[in-house]
Amino acid sequence: MQFETILYTYKNMVYNLALQYVQNIEDAEEITQDVFVAIHHSLNSFKQNAEVSTWIYRIAINKSLDYLKRKKRKKRFGFIVSIFENQETMDVHSFNHPGIELEQKQTIQLIFSALNQLNDQQKTAIILSKIENKSQKEVAEIMKLTPKAVESLIMRAKNNLLKNLKNKEGL
Amino acid sequence: MKIASSNIENNMEHTFDLLNNMKEVDASEILIHRIQQKIEIDKKNSISTPWLFSIAVTVFILLCFNVFTVAKNTKINDVLSLAKNMNLLINDNIYNEQ
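Heads up: the sequence lines are chains A and B, in that order. Residue numbers for the first sequence follow this note's numbering, so the first one is 1 and each next one is one higher. Residue numbers for the second sequence follow this note's numbering, so the first one is 1 and each next one is one higher.
Each hint should be verified, as a subset may be incorrect.
[What the hints assert, rightly or not] Here are the computed distance ranges between Cβ atoms for each label pair:
id: 1; chain 1: B; residue 1: I41; chain 2: A; residue 2: K168; range: 42 to 50 Å
id: 2; chain 1: A; residue 1: S42; chain 2: B; residue 2: N20; range: 29 to 37 Å
id: 3; chain 1: A; residue 1: K148; chain 2: B; residue 2: A56; range: 50 to 58 Å
id: 4; chain 1: B; residue 1: A56; chain 2: A; residue 2: L162; range: 54 to 62 Å
id: 5; chain 1: A; residue 1: H41; chain 2: B; residue 2: N20; range: 29 to 37 Å
id: 6; chain 1: A; residue 1: E26; chain 2: B; residue 2: I61; range: 43 to 51 Å
[What the hints assert, rightly or not] Computed, partial: chain A to chain B, Cβ under 7 Å:
id: 7; residue: K11
id: 8; residue: Y15
id: 9; residue: G99
Derived by calculation from the structure, the hints in this document are not laboratory data. Where is the CB? At the ideal position from N, CA and C, for every residue including glycine.
Given the sequences, and given the hints that come with them, work out the whole structure.
This is the structure:
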């Protein structure tokens, strides 16, 4: 498969998936760029054992999670610097999701902030099954888990999400 | 367990409906152009990197060879001059004895 074909077929899929992880246009664009550079690098070594979309999903998920980890580290470092330099910390995780209607923005922002508190696996399971509408089998394939494991992962994720939401609403 | 899970299902249904109703966003043409540019730069870098590496290795090998040859020649010259001196000495001795 040609790289250009992959780029034009999966650009929206990758961009929207990145948006679900970072909820920010600039960050999602940076992740999308990283994902396609990685795809270009490893296109020759890609074996047709898995579907192209599954392979791209895996790359996009890993890049998004790596990006979030990097950003967290930067935020921590920025906080330390701000203590010494007496500056205000910049809000690095500003919510700017273009797929949300204005009247639902507050509610969805609250849901996302509860979702962001889940661990990486639970967050991925919820994003894939509930936002990307993937079946349990597809989620299992992307996450390299058994369908049973995905089922219990989603169950735990829902449970924790509900707890997080209740805590946030209680604030 | 089943009752607990059905409660969670009911409570979360509305939440997931909201997430599900978010509209799909198109990746902008500017972003696609940026990706293509980045790929082009990477391609150029990946072409020039092996060349630069091979040139560096060749220069290093030539330098090593040069150093080795100079050292070898110096040693040979030393030995030759020593032999020459010894030969002269021996000859001097022979003349003296005669």
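Hint check results:
Roughly 43 Å separates the CB atoms of I41 (chain B) and K168 (chain A), a value that falls within the hinted 42 to 50 Å. The hint said 29 to 37 Å for the Cβ distance between S42 (chain A) and N20 (chain B), and at roughly 32 Å that hint holds. At roughly 54 Å, the beta-carbon separation of K148 (chain A) and A56 (chain B) lies within the given 50 to 58 Å, and the hint holds. Between A56 (chain B) and L162 (chain A) the beta carbon distance is about 60 Å. The supplied range of 54 to 62 Å therefore holds.
Taken as a hint, the range 29 to 37 Å holds for the pair H41 (chain A) and N20 (chain B), whose Cβ atoms sit roughly 34 Å apart. For the pair E26 (chain A) and I61 (chain B), the supplied restraint of 43 to 51 Å holds, since their beta-carbon distance comes to about 48 Å. Taking 7 Å as the C-beta cut-off, the interface hint given for K11 (chain A) holds, the closest approach to chain B being about 4 Å. Given the 7 Å rule on beta carbons, the hint for Y15 (chain A) holds: about 4 Å separates it from the nearest Cβ of chain B.
With a cut of 7 Å, the hint placing G99 (chain A) at the interface with chain B holds, because the nearest CB-to-CB distance is about 4 Å.
Checked against the numbered hints above, the structure violates none of them.
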